[in-house]
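The listed protein sequences correspond, in order, to chains E and Z.
Just so you know, the first sequence maps onto residues 0 to 131 in numbering that gives the first Met the number 0.
Just so you know, the second sequence maps onto residues 0 to 131 in numbering that gives the first Met the number 0.
Treat the hints with care, since some could be wrong.
Because identical chains cannot be distinguished in the list, a pair is counted as satisfied if it fits within a single copy or across any two copies.
[What the hints assert, rightly or not] In silico SDA-like cross-links for lysine to any residue, where the CA-CA straight-line distance does not exceed 20 Å:
#1 K120 x R106
#2 K4 x Q27
#3 K110 x D99
#4 K110 x Q98
#5 K110 x Q8
#6 K120 x A71
#7 K120 x M97
#8 K88 x G22
#9 K110 x R51
#10 K88 x K110
#11 K4 x P119
#12 K110 x Q81
#13 K4 x Q105
#14 K120 x E94
#15 K88 x A118
#16 K110 x G36
#17 K120 x T58
#18 K120 x G36
#19 K110 x L54
#20 K88 x Q46
#21 K88 x T58
No lab work stands behind these hints: they were computed from the structure.
2 protein chains.
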Amino acid sequence: MAEQKPQVQCRVRVTRGEDIALGPGKMQLLAAIGAAGSISGAAREMQMSYRRAWLLVETMNSCFLAPLVETATGGRAGGGAQLTVEGQKVLEGYEAMMQDVERVAQRHLDKLLSNSPLAPKTGVAKAPDESN
Amino acid sequence: MAEQKPQVQCRVRVTRGEDIALGPGKMQLLAAIGAAGSISGAAREMQMSYRRAWLLVETMNSCFLAPLVETATGGRAGGGAQLTVEGQKVLEGYEAMMQDVERVAQRHLDKLLSNSPLAPKTGVAKAPDESN
Numbered sequence: 000m001a002e003q004k005p006q007v008q009c010r011v012r013v014t015r016g017e018d019i020a021l022g023p024g025k026m027q028l029l030a031a032i033g034a035a036g037s038i039s040g041a042a043r044e045m046q047m048s049y050r051r052a053w054l055l056v057e058t059m060n061s062c063f064l065a066p067l068v069e070t071a072t073g074g075r076a077g078g079g080a081q082l083t084v085e086g087q088k089v090l091e092g093y094e095a096m097m098q099d100v101e102r103v104a105q106r107h108l109d110k111l112l113s114n115s116p117l118a119p120k121t122g123v124a125k126a127p128d129e130s131n
Numbered sequence: 000m001a002e003q004k005p006q007v008q009c010r011v012r013v014t015r016g017e018d019i020a021l022g023p024g025k026m027q028l029l030a031a032i033g034a035a036g037s038i039s040g041a042a043r044e045m046q047m048s049y050r051r052a053w054l055l056v057e058t059m060n061s062c063f064l065a066p067l068v069e070t071a072t073g074g075r076a077g078g079g080a081q082l083t084v085e086g087q088k089v090l091e092g093y094e095a096m097m098q099d100v101e102r103v104a105q106r107h108l109d110k111l112l113s114n115s116p117l118a119p120k121t122g123v124a125k126a127p128d129e130s131n
């Protein structure tokens with residue numbers, strides 16, 4: 000088995016009180032709605048229920064002053080949906096943030112691992128570890 | 000109720016294959032071991048079982064070439080534990096990374112929210128939302 004390279008995984012959420020206004024799941028959904036042209040198509044793409052996708056859209060729309068997603072006439076029944084200009088701006092702003100965040104984290108990680116190298120990966124059985 | 004300010008929450012993990020070499024939980028445990036002088040004291044502080052804390056330490060120690068935590072003679076039975084020089088370096092490197100990551104994310108968030116303001120928080124009942 001080839002040596003596995005360490006990977007850095009970054010998550011950024013924006014919360015207000017108990018609401019999550021922005022996060023990786025919501026931003027992935029926004030991108031999927033933009034690509035699919037409907038909430039139902041985006042939900043299928045993300046393997047979530049239509050109801051769940053619709054609730055996430057409602058939360059995003061109610062968090063921001065201007066809605067991020069607009070549904071066409073026909074609405075819930077399947078009239079299609081698209082990102083508003085505001086939705087496009089928020090998605091692009093989030094993606095720009097993640098690019099910068101990942102670049103900064105990777106730079107630190109490279110330095111950290113050059114000072115404190117990882118052990119070569121061995122085939123030894125390990126204790127289960129579902130934590131971070 | 001006072002207006003709630005949006006907060007940015009960042010998480011960075013370093014993975015290799017299925018192992019999580021570094022993450023917020025492990026780094027909090029390292030800091031707690033440094034403060035408590037033992038794995039059992041750190042586990043109590045973090046309200047996790049001794050067994051779980053010990054497994055997390057084992058994972059960290061096996062991920063790095065040099066161990067991050069050393070246990071004194073007496074070992075598992077309660078002889079105390081402390082961070083090695085390597086452990087201290089990794090903890091400080093992780094904390095420096097998180098400071099930079101949070102600063103970058105906050106700067107992007109400020110810009111994003113000045114372009115796309117959040118709605119004033121209202122008392123309207125909302126759909127449950129446990130997603131991100």
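> Against which earlier hints does the structure fall short, listed by number upward?
Replying inline: Result: hints 1, 2, 6, 7, 9, 12, 14, 16, 18, 19 and 20 break, sorted rising.
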